[in-house]
Amino acid sequence: MTGMAGGPAARDAPPGARDLPAHRWLSAGGASLTAVALLLLSLLPEAPADAVAVAAWVEQGRSLLTWSDELLFFAVLCWGAGARGLLGARTAAPSPRIDVGATALAAAFVALLVVLLAVGRLVYPVFAIDLAPEAVALLVSTTFGAVHLAFLGFAVAAATLTWSTRARLLGRGVGIVASAAFLAGSFPWMMPAWANSLAAIAVAGWGVFLAFTSVTSPVDAAAHPRRREART
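End of the sequence shown sits at 1026 in this note's numbering; the numbers just go up one at a time, nothing left out.
Hints in this document: simulated from the structure, not taken from any laboratory. A couple of the hints might just be wrong.
What the hints assert, rightly or not - Computed spacing ranges between beta-carbons, pair by pair:
no. : residue 1 : residue 2 : range
1   : Pro927    : Gly882    : 44 to 52 Å
2   : Val971    : Arg891    : 38 to 46 Å
3   : Ala900    : Thr860    : 22 to 30 Å
4   : Tyr918    : Ala989    : 25 to 33 Å
5   : Pro842    : Ala875    : 37 to 45 Å
6   : Ala929    : Phe868    : 23 to 31 Å
7   : Trp819    : Ile923    : 38 to 46 Å
8   : Arg960    : Ser935    : 35 to 43 Å
9   : Ser857    : Val894    : 22 to 30 Å
10  : Leu907    : Asp844    : 27 to 35 Å
These figures come from a predicted structure and were not determined experimentally. Glycine residues also receive a C-beta, built at the ideal position from the N, C-alpha and C atoms.
Sequences and hints are given; from them, build the entire structure.
Next comes the structure, spelled out in structure tokens:
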């Protein structure tokens, strides 16, 4: 039977089943780039409270901010396209849980775009307009406020989207652990640098896991082993 065209995997796949390797790799790559961008932000020293000192803080961390900003652009594009393809391929009955998770993930992407815009204005000149110290402080506050929102979105997405994957119980465990890590990482100004770094790394781990275990068919063969056994 294994010599038949398509092999056992193709034989076991239900009618209408679709695997989207390109979208899985886009999601995994986007999640990894997002994690690196957030990791670079976590390596910055703690921002001072004084507005004048914040401007000096930006100059000190300009390299980290610049690279984080550049990576976020490609991260959102890749992850957004991959997630859109994977979630859009679910042709089963509508699930409120999946809808909540998809909306939370979309909200996280929007928050990352806010980070992209705010950090971009901090490190790149626009018409040679100098920013007042108060404006710099506002942009820095906006940056970490948007990071807070992004991690909250990731936390909700992890608790919902990872609940039904090819990995089944393992996926649920990964989702719970990742959600807890994201909740902790959603307060970067309160957590130590190492905790923020771990939260950023967790984004890559969870994002890659979700990309390669997401169900993309009404009845995924891997999620229903008894049906596979009945066919053999």
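Hints versus structure:
1. For Pro927 and Gly882, the Cβ-Cβ distance of about 45 Å falls inside the hinted range of 44 to 52 Å, so the restraint holds.
2. Between Val971 and Arg891 the beta carbons are some 18 Å apart, a value that contradicts the proposed interval 38 to 46 Å.
3. Taking the beta carbon of each, Ala900 and Thr860 are about 26 Å apart, inside 22 to 30 Å as hinted.
4. At roughly 30 Å, the beta-carbon separation of Tyr918 and Ala989 lies within the given 25 to 33 Å, and the hint holds.
5. In this structure the hint that Pro842 and Ala875 lie 37 to 45 Å apart at CB holds, the actual value being about 38 Å.
6. The hint said 23 to 31 Å for the Cβ distance between Ala929 and Phe868, and at roughly 27 Å that hint holds.
7. Checking the proposed 38 to 46 Å range against Trp819 and Ile923 shows it holds: the Cβ atoms sit about 40 Å from each other.
8. A C-beta distance of roughly 41 Å is found between Arg960 and Ser935, which places it inside the suggested range of 35 to 43 Å.
9. Between Ser857 and Val894 the beta carbon distance is about 38 Å. The supplied range of 22 to 30 Å is therefore violated.
10. With their beta carbons about 29 Å apart, Leu907 and Asp844 fall inside the hinted range of 27 to 35 Å.
The structure fails to meet hints 2 and 9 from the earlier list, while all remaining hints are met.
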